[in-house]
Structure formats: C-alpha cells, structure tokens
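Peer 1: Sequence:
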Amino acid sequence: MSPYANTIITMSLIMGPLLTISSNHWILAWTGLEISTLAIIPLIAKQHHPRAIEAAIKYFLTQATASTLILFSSIINAWTLGQWSIMQMSNNISCTILTAALAIKLGLAPFHFWLPEVLQGTTTTTALILTTWQKLAPLSLLMMTVQSTNTPLMLTLGLMSAIIGGWNGLNQTQLRKIMAFSSIAHLGWMITILTLSTKLMLLTFYTYIIMTSTTFLMIKLLETNKISTVMTSWTKLPTLNTMMMLTLMSLAGLPPLTGFMPKWLIIQELTKQHMLIIATSMAFLSLLSLFFYLRISYYATITLPPNSTNYLQQWRHKTSQKHYLALMTTLSLSLLPITPTLLTIT
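Be aware that the sequence shown starts at 1, since it is given in full-length UniProt numbering, and climbs by one per residue.
Rather than coming from a laboratory, the hints here were simulated on the basis of the structure. The reader is advised that the hints may include incorrect statements.
[What the hints assert, rightly or not] The list that follows gives simulated cross-link-like pairs (lysine-lysine, DSS-like), each with its CA atoms no further than 27 Å apart:
hint, residue 1, residue 2
1, K236, K322
2, K58, K220
3, K226, K177
4, K226, K322
5, K272, K199
6, K220, K46
7, K220, K177
8, K46, K199
9, K46, K226
10, K226, K58
11, K58, K177
12, K226, K236
13, K177, K236
14, K322, K220
15, K236, K220
16, K272, K177
17, K272, K46
18, K46, K58
Model, not experiment: these values are computed from the prediction.
Start from the sequences and build out the full structure, keeping to the hints where you can.
Peer 2: Written out as structure tokens, the structure is:
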C-alpha cells in the first residue's frame with residue numbers, strides 16, 4: 001500500500017470516531033461513522049485474497065445498512081421535533097430503529113453474524129482495530145441517547161449477546177473467531193449495565209480494550225491463528241505463552257485479575273437494582289466464556305503436540321522487543337487492587 005494512502009486511511013480511521021464523539025448534530029455523527037467505515041474497508045481487503053474480499057463486502061453491506069437506519073431514525077426524529085440534536089430523541093419509533101442500527105454496528109446479538117466472519121477473513125491487526133477502536137463511536141452514540149432508549153430492549157440485547165457470545169464460542173477452533181464471540185459476550189455485559197450506569201459501562205469498555213488488545217498482540221507475536229498451532233507456541237516464547245494464559249483468564253473474569261473488576265461491579269449494581277434474575281443469568285453465562293478461554297489455555301500450556309523426534313525446542317524466530325506489551329500485560333492482570341480508588345473517582 002502506498003505511504004500516502006496509508007497516511008490518509010490512518011488519519012480517517014482516527015478522525016471518524018472522534019468526529020462522532022464530539023458532535024451534537026446527527027449529520028455530523030453520521031458523517032463520522034461513514035468516514036470510519038470507509039477507512040477500515042481497505043485494511044480488511046488489502047490481502048487480495050478471496051476470503052479478505054468477502055469479509056470486506058460483508059462488512060460494507062452491514063455497516064451501510066446500519067448507517068442507513070441511523071440516518072432514517074434521525075430524519076424521523078427531526079421531522080417530529082424539528083431539530084437534529086442527538087441528546088433529544090423523544091420519538092419511540094426512531095429510538096427503536098436507532099437502537100437496532102447501533103446494535104448492527106456493534107455486532108450485538110441477534111445482529112452478530114457478520115463479526116466472526118469478518119474477523120476470520122482479515123489480519124490480526126485489523127481484527128484488533130475492529131474489536132476495539134471501531135466500537136467507540138457506536139457506544140458513544142448509545143451513551144448520548146441512553147435516556148431515550150427502551151430499557152427492556154437494551155437488557156434483552158445484552159442478555160442475548162452474553163448467551164450467543166458464550167455459546168457459539170464453545171466449538172470454535174480459530175482464535176480470531178473465538179475473540180469475535182468473546183467481543184460479543186463482553187458487549188452484552190456493557191449493554192446490560194448501560195441503562196443503569198454509564199460510568200460503569202465506560203470502565204467495562206476500557207478494561208475490555210486493554211485485555212483484548214493485549215490478547216491480539218500476543219496472538220500476533222506468537223504467529224498463531226488456531227488452537228492446533230497454540231500447542232507449539234510454548235517453544236517459541238515460553239514467558240509470553242504463560243502471560244497469554246493469564247490474560248485469557250483475566251478476559252474470563254477470574255479473580256484476582258483485572259477482568260474480575262467490571263463483572264463484579266456490574267453484578268453488584270444489578271443486585272442493588274433488584275434485577276436478581278438478570279444478575280444470576282449473567283454470572284452463569286460467564287461460565288460459558290470461561291470454558292473456551294480455559295480450552296485455549298489448556299492447549300497452550302499443558303498439552304504437548306504429538307512428536308516422533310526427541311528435541312526440546314523448535315527453532316525460535318528472532319523477535320523484536322515489545323516494551324508496550326509488557327505495560328499492557330501488567331494492566332490486563334493487576335488493576336483489581338485499585339477498584340476502591342476507581343469507585344471513589346466515579
């Protein structure tokens with residue numbers, strides 16, 4: 001790819017979500033979403049492989065549909081109220097259409113079918129961008145319109161996402177598909193708590209970004225794409241392999257790791273609001289995600305591949321030092337003790 005094209009794509013990818021977050025007018029927010037969508041498509045399709053082209057087309061069609069619905073809901077709201085402000089959404093039909101459109105943008109169940117296929121057809125770096133940075137703009141729009149959204153609908157979407165994200169991840173063998181269903185399950189937790197506490201949703205989103213980014217960077221450094229190749233990754237970088245196991249346990253939400261903090265606070269908040277059935281269901285559904293995280297960890301650290309030759313280690317690739325990965329791994333594992341401080345700040 002040309003350096004000029006790469007610079008334009010990178011700048012558009014950065015500016016699109018920022019424009020959506022900082023805008024108060026529906027047309028500006030929609031423009032930011034479109035810039036972000038058009039910037040990521042060349043990154044998905046740059047492999048010149050049929051699977052990558054298919055992923056780019058699927059991504060474009062789903063995002064174009066969601067953008068059309070967002071524009072349609074904003075036009076209905078403007079026609080009813082006579083203004084284009086994002087904060088003032090009082091038309092029930094436009095609010096329902098907007099919630100469905102943002103669910104398509106995010107990949108929430110039952111609009112999740114595009115996310116695993118797109119992540120499987122692209123590179124690990126682009127998959128990282130799709131599961132972290134590209135979620136920022138739709139989530140910010142949901143936060144700005146949370147007072148107008150239908151609470152039972154949001155809770156239903158969150159619960160369905162937690163169910164489908166955990167259930168469909170059980171029989172996957174490709175790491176990027178597993179991370180896609182992990183993203184769907186985590187988004188379910190965020191959408192569930194969004195109607196009760198936006199600050200807690202932001203905390204969950206920030207910890208999700210840290211843990212998911214760390215996992216994707218480790219997958220990229222270990223050069224593994226499926227569970228069968230994870231079994232031999234311990235011979236390349238044994239320390240990093242161990243850290244990957246701990247990061248996966250943090251994603252699963254096991255104490256005393258970072259991932260336990262948002263799930264603990266969400267269940268506590270749901271209990272305070274007397275939503276005991278939803279809190280119990282979310283706690284049980286997290287066990288589904290725990291199973292496939294444990295499955296990857298088991299293959300990565302405990303099992304050995306069948307071997308007929310007697311040697312201890314494979315040839316190791318010369319890897320460059322990734323100093324930022326050490327910081328991200330530390331954040332992914334050790335933020336739980338500062339929970340009282342975060343509660344005081346928020």
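Peer 1: All hints, please: hold or fail.
Peer 2: Hint-by-hint comparison with the structure:
With a C-alpha separation of about 15 Å, the suggested pairing of K236 with K322 holds against the 27 Å cut-off. With a C-alpha separation of about 24 Å, the suggested pairing of K58 with K220 holds against the 27 Å cut-off. Annotation: proposed proximity of K226 to K177 holds, straight-line Cα distance about 9 Å (limit 27 Å). With a CA separation close to 22 Å, the supplied pair K226 and K322 stays within the 27 Å bound.
A threshold of 27 Å between alpha carbons decides the hint, and for K272 with K199 the separation of about 16 Å falls inside it, so the pair holds. Simply put, K220 and K46 have alpha-carbon atoms about 17 Å apart, close enough for the 27 Å limit, and the pair holds. For the suggested pair K220 and K177, the alpha carbons sit about 14 Å apart, so the restraint of at most 27 Å is met. The straight-line distance between the Cα atoms of K46 and K199 is roughly 37 Å, outside the 27 Å bound, and the hint therefore fails.
Between K46 and K226 the CA atoms are separated by roughly 22 Å; this keeps the pair inside 27 Å, and the hint holds. Restraint check for K226 and K58: the C-alpha separation of about 22 Å stays at or below 27 Å, so the hint holds. Among the hinted pairs, K58 with K177 is consistent with the structure: their alpha-carbon atoms are about 15 Å apart, no more than 27 Å. The suggested pairing of K226 with K236 holds, with an alpha-carbon distance near 16 Å, which does not exceed 27 Å.
Proximity of K177 to K236 is assessed by CA-CA distance (about 23 Å); at most 27 Å being required, the pair is judged to hold. Distance restraint check for K322 and K220: the Cα-Cα separation of roughly 12 Å lies within the 27 Å cut-off, and the hinted pair is therefore satisfied. A threshold of 27 Å between alpha carbons decides the hint, and for K236 with K220 the separation of about 13 Å falls inside it, so the pair holds. Simply put, K272 and K177 have alpha-carbon atoms about 35 Å apart, too far for the 27 Å limit, and the pair is violated.
Annotation: proposed proximity of K272 to K46 is violated, straight-line Cα distance about 49 Å (limit 27 Å). In summary, the hint linking K46 to K58 is supported, as the alpha carbons are separated by about 15 Å, within the 27 Å threshold.
When the structure is compared with the earlier hints, violations turn up for hints 8, 16, 17 and for no others.
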